[in-house]
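From first to last, the protein sequence lines are chains B and V. For the first sequence, the positions run 1 to 364 when the numbering used here is used. For the second sequence, the positions run 1 to 364 when the numbering used here is used.
Hints may contain errors.
Copies of the same chain look alike in the list, so a pair counts if it fits in one copy or across any two.
[Unchecked claim] Think about it this way: if two alpha-carbon atoms lie no more than 25 Å apart in a straight line, the pair counts; the simulated SDA-like pairs of lysine to any residue are:
#1 K48 <-> T319
#2 K170 <-> G27
#3 K106 <-> Y249
#4 K78 <-> S207
#5 K106 <-> K170
#6 K48 <-> L10
#7 K183 <-> Y249
#8 K324 <-> Y277
#9 K72 <-> G27
#10 K106 <-> E184
#11 K106 <-> E121
No lab work stands behind these hints: they were computed from the structure.
Protein chains: 2
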Amino acid sequence: MKFKAALQSLQTYEAGKPIELVVREFGISANEVIKLASNENPHGCSKKVQQCVAQKLASMHLYPDDSFYQLKEALGAKHKVDTSQIIIGAGSDQIIEFAIHAKCAKNDGILMAGVTFAMYEIYGRIAEAKIIRTKSSTHNLSEFTELYKQHSPSIIFLCVPNNPLGESLKVSDIQTFLKQINKECLVVIDGAYQEYATFKDEEMRISVAEFIRDFPNVLYLGTFSKVYGLGGMRVGYGIAQQEIIQTLYKLRPPFNITTLSLVAAIEALKDEEFIKYSLQDCFTQMKQYEDFCRQRGIRYIPSFANFITLFLDGLGDSTTLAQKMLEKGVIIRNLASYGLNAVRITIGTKEQNQRALSLMSALL
Amino acid sequence: MKFKAALQSLQTYEAGKPIELVVREFGISANEVIKLASNENPHGCSKKVQQCVAQKLASMHLYPDDSFYQLKEALGAKHKVDTSQIIIGAGSDQIIEFAIHAKCAKNDGILMAGVTFAMYEIYGRIAEAKIIRTKSSTHNLSEFTELYKQHSPSIIFLCVPNNPLGESLKVSDIQTFLKQINKECLVVIDGAYQEYATFKDEEMRISVAEFIRDFPNVLYLGTFSKVYGLGGMRVGYGIAQQEIIQTLYKLRPPFNITTLSLVAAIEALKDEEFIKYSLQDCFTQMKQYEDFCRQRGIRYIPSFANFITLFLDGLGDSTTLAQKMLEKGVIIRNLASYGLNAVRITIGTKEQNQRALSLMSALL
Numbered sequence: 001m002k003f004k005a006a007l008q009s010l011q012t013y014e015a016g017k018p019i020e021l022v023v024r025e026f027g028i029s030a031n032e033v034i035k036l037a038s039n040e041n042p043h044g045c046s047k048k049v050q051q052c053v054a055q056k057l058a059s060m061h062l063y064p065d066d067s068f069y070q071l072k073e074a075l076g077a078k079h080k081v082d083t084s085q086i087i088i089g090a091g092s093d094q095i096i097e098f099a100i101h102a103k104c105a106k107n108d109g110i111l112m113a114g115v116t117f118a119m120y121e122i123y124g125r126i127a128e129a130k131i132i133r134t135k136s137s138t139h140n141l142s143e144f145t146e147l148y149k150q151h152s153p154s155i156i157f158l159c160v161p162n163n164p165l166g167e168s169l170k171v172s173d174i175q176t177f178l179k180q181i182n183k184e185c186l187v188v189i190d191g192a193y194q195e196y197a198t199f200k201d202e203e204m205r206i207s208v209a210e211f212i213r214d215f216p217n218v219l220y221l222g223t224f225s226k227v228y229g230l231g232g233m234r235v236g237y238g239i240a241q242q243e244i245i246q247t248l249y250k251l252r253p254p255f256n257i258t259t260l261s262l263v264a265a266i267e268a269l270k271d272e273e274f275i276k277y278s279l280q281d282c283f284t285q286m287k288q289y290e291d292f293c294r295q296r297g298i299r300y301i302p303s304f305a306n307f308i309t310l311f312l313d314g315l316g317d318s319t320t321l322a323q324k325m326l327e328k329g330v331i332i333r334n335l336a337s338y339g340l341n342a343v344r345i346t347i348g349t350k351e352q353n354q355r356a357l358s359l360m361s362a363l364l
Numbered sequence: 001m002k003f004k005a006a007l008q009s010l011q012t013y014e015a016g017k018p019i020e021l022v023v024r025e026f027g028i029s030a031n032e033v034i035k036l037a038s039n040e041n042p043h044g045c046s047k048k049v050q051q052c053v054a055q056k057l058a059s060m061h062l063y064p065d066d067s068f069y070q071l072k073e074a075l076g077a078k079h080k081v082d083t084s085q086i087i088i089g090a091g092s093d094q095i096i097e098f099a100i101h102a103k104c105a106k107n108d109g110i111l112m113a114g115v116t117f118a119m120y121e122i123y124g125r126i127a128e129a130k131i132i133r134t135k136s137s138t139h140n141l142s143e144f145t146e147l148y149k150q151h152s153p154s155i156i157f158l159c160v161p162n163n164p165l166g167e168s169l170k171v172s173d174i175q176t177f178l179k180q181i182n183k184e185c186l187v188v189i190d191g192a193y194q195e196y197a198t199f200k201d202e203e204m205r206i207s208v209a210e211f212i213r214d215f216p217n218v219l220y221l222g223t224f225s226k227v228y229g230l231g232g233m234r235v236g237y238g239i240a241q242q243e244i245i246q247t248l249y250k251l252r253p254p255f256n257i258t259t260l261s262l263v264a265a266i267e268a269l270k271d272e273e274f275i276k277y278s279l280q281d282c283f284t285q286m287k288q289y290e291d292f293c294r295q296r297g298i299r300y301i302p303s304f305a306n307f308i309t310l311f312l313d314g315l316g317d318s319t320t321l322a323q324k325m326l327e328k329g330v331i332i333r334n335l336a337s338y339g340l341n342a343v344r345i346t347i348g349t350k351e352q353n354q355r356a357l358s359l360m361s362a363l364l
């Protein structure tokens, strides 16, 4: 059977490996497998969220309130925006999909960093858009500006902090950049890891309300998958001026998050103590990795997110390292598919990090 | 900001109204609201599923096993197909989306019944496809054949039983129809309500393994949202020959169902007693509606699903009836947006049906 031509060259995306796979393939018991591959919060989610979801289990047959009224009210209060400026997605991934389908006709350009979140390109290629990347792997706004002028893209993605590399951008630099961009070009600011960046450095703090007021072409993305500890529940959101949100709504399938995800996300916003503890512990733990790198002379990118990217350079091959660690029950992310001889490691709990580091120490 | 032209005429889909809305708007307590608008299983889901999900609440932070290994094994055993012939979606809606994006370039045709599941058209219009509908509201295979020959569509949707009307097609008639269709045309058989049709009449039973063996251009869709009682958990699946499934996989975003949904679906397949009870009770209860219609001379379509569609004809206006029932806490589905003066009512529990019928009795 013939399919759309654009799909021929498209590779199926391979996500971080799950614990279940290691159990199946290497016969290691689930309790002994450590997953540091998908940037989940190693502390799980708030106990209060778990209690709340437990009370809702008799409602799994019912579709959620598709207006997501309560969740949008809570997000509106948090970000100081109107609920009409918010759209909820099955992870912020889904908002990326909506944005691309809303803006990109065939051959329209999408501009992004040299190495960044893989779904921008995947959704872009499904829409038959032209993918434009900066030469630099990390975000370099001068290169972005130059390529913007050269190609007039329909969409620009800024991933701040950047996944999978971890660097971020100062708010003032983003603002200067945005002033040069035509209001017809949609600029998506993917803030999936913003809570981490803001905690580490106030100069990174994006005031969403200000941004969408000053730049009506900005779409900000947030998620419950990272510091809120709900990666498995698939809830993200987009914030922009109402005109953009209304258009994205046309692309949204009904009931796009689950009944339990909705309850979990609403409750997760309330437990600020849990968020604060998770952020603090992340950066405390990250020091272990930084010390390890410095002692060993391993190059790394100072990270503003809950993971750290290590370049192996002459020390070996990232595919081999990731595979050997996998066989010992420690899952990390090999970045070979991004064209890098590097691994990305999620900051885990103290014990998880110690195990990962001692294993790496033996293998490198 | 300018968006893709195809979106201008696209209306935002309005789903069945949630209980929460009635509570908010009419101040009726949640316990007193009856929702017979979205074809959920009124018995909820299996208690065993609830227990299983309860044990998984500490894993909400972890993305699911993205291979969906266990679920595909269980579905493979149920439908006697290989796991490589299965794809999992966030509801079968998402498989509809994949199928349309895989097959339809701009102006390609999509053929469907006059009145059928709304998402076929919505996803079709996003892909800028041409929507072709039979004149008859219900499935008329002679009209399908004629329009197929005239337009050579890329995709044909057969919704059996048909939502929102409830009629179904005999397996032998579907087979005769499929023999005339070129193998380049994808035929999607949407079996969201198949369990109900098969329970009512063996002549409706689709053997999925046989179908995809005999017709390599068939994609069968199933869901956990209806008789399995997991509407709020968003899990559906597609079954087809491997060539089709591999292509749909290219369009699938990673982690497209939640960690709890995955556990729930695997467990739901095991509790056959619950399914049998749900099916039996549905058709026992449906008699109340049929008797009511016969006594009142109300036209209805004999239903092979868990809902019944009543045509109001000279008896009044469906929008008024649905609104008046809503104000009394009974949510039914007005079909005015489908161009019909009709309402679709989900078969509820005995008590729910009695309340709905006595209210309708007073209002008509």
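Quiz item: Going through the earlier hints one by one, which of them does the structure break, listed in rising order?
Solution: 1, 2, 5, 6 and 8
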